[in-house]
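Participant: Sequence:
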Amino acid sequence: MKRSLRLILAVVLTITISSSCKKNNPDPVAPENKSILGMWVESQTATLYRAVLFSNDGVFRQYVVVKNNNSSQGFTLSGTYTIDGNKISARVTQEEFNDGNNPAVKSTINTTLFDKGTFSIKNNVMQINYVSYPADAPVATTMLLKRELIPL
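Reading the sequence shown from the start, the letters are residues -22 to -1, 1 to 130 in mature numbering (1 follows the signal peptide of the UniProt record, and there is no 0).
Just so you know, these hints were derived from the structure itself, not from any lab. Be aware that a few hints might be false.
Each computed DSS-like pair below joins lysine-lysine, with the alpha-carbon atoms no more than 27 Å apart [unchecked claim]:
#1 K45 - K124
#2 K65 - K124
#3 K124 - K100
#4 K84 - K45
#5 K65 - K94
#6 K124 - K94
#7 K65 - K100
Each pair of labels, with its calculated beta carbon distance range [stated by the list, open to error]:
#8 D35 - D93: 17 to 25 Å
#9 S33 - A115: 28 to 36 Å
#10 K65 - K45: 31 to 39 Å
#11 K100 - D77: 36 to 44 Å
#12 V37 - T120: 30 to 38 Å
#13 P112 - R39: 17 to 25 Å
#14 E74 - Y111: 17 to 25 Å
#15 D114 - M17: 30 to 38 Å
No experiment lies behind these values; they were computed from the predicted model shown. Every residue gets a Cβ at the ideal spot worked out from N, C-alpha and C, and that includes glycine.
Start from the sequences and build out the full structure, keeping to the hints where you can.
Facilitator: What follows is the structure in structure tokens.
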């Protein structure tokens, strides 16, 4: 009887110890890649500032300021965006232009951003790869944006 009891206890103890071990079940998508929400800013140059805001309601805004000599011009593109895995697309529905001297001019437009776009996020830096269309031909383009951490 003691032998059977010891055997049962040994089996139960083995099962308990082996089931309590940590399982190695890595998440294939880093938690950071699950959300692009918030403000993202491109590294500034002396003549260009660009930032993109992704809201949780599927709305985005891209802010661009271009500086020339002693003046600056800015425009904002706004519309909606969608995410499917690592794919990103944006439909621009409005453009607002401000030359710094006159009231802002709003225009309704219908175009896309991030054509054939994909994105990845690592260490609070988002890389968006997409196709842009300058005058000559389609060009593979990469945009690097750093998450803007806003203190509360």
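Participant: For the pair supplied as a hint, K65 and K94, is the alpha-carbon distance within the 27 Å limit?
Facilitator: Given that 27 Å is the threshold and the Cα spacing comes to 8 Å, the pair holds.
Participant: So the hint says 28 to 36 Å: do the beta-carbon atoms of S33 and A115 match that?
Facilitator: Taking Cβ atoms as reference, S33 and A115 lie about 33 Å apart, which means the hint holds.
Participant: Taking only the CA atoms, is the gap from K84 to K45 under or equal to 27 Å?
Facilitator: Roughly 20 Å separates the two Cα atoms, so the pair holds.
Participant: Tell me if the straight-line CA distance from K65 to K100 falls inside 27 Å.
Facilitator: holds, 16 Å
Participant: Has the given pair, K65 with K124, been kept, meaning a C-alpha gap of at most 27 Å?
Facilitator: Given that 27 Å is the threshold and the Cα spacing comes to 18 Å, the pair holds.
Participant: Are V37 and T120 spaced within 30 to 38 Å by their CB atoms?
Facilitator: The hint (30 to 38 Å, Cβ to Cβ) is violated, given that V37 and T120 are roughly 24 Å apart.
Participant: Holds or violated: K45 and K124, Cα atoms, limit 27 Å.
Facilitator: holds, 21 Å
Participant: Starting from the range 17 to 25 Å, see whether the pair E74 and Y111 falls in it by beta-carbon distance.
Facilitator: About 22 Å separates the Cβ atoms of E74 and Y111, which means 17 to 25 Å holds.
Participant: CA of K124 to CA of K100, is that 27 Å or under?
Facilitator: holds, 10 Å
Participant: Can you let me know if the beta-carbon spacing of P112 and R39 is within 17 to 25 Å?
Facilitator: holds, 23 Å
Participant: Mind checking the alpha carbons of K124 and K94 for me, to see if they're no more than 27 Å apart?
Facilitator: Holds, because 21 Å separates the two Cα atoms, which is no more than 27 Å.
Participant: Could you check the hint for me, namely that K100 and D77 are 36 to 44 Å apart, CB to CB?
Facilitator: holds, 37 Å
The structure is inconsistent with hint 12 alone, although it conforms to all the rest.
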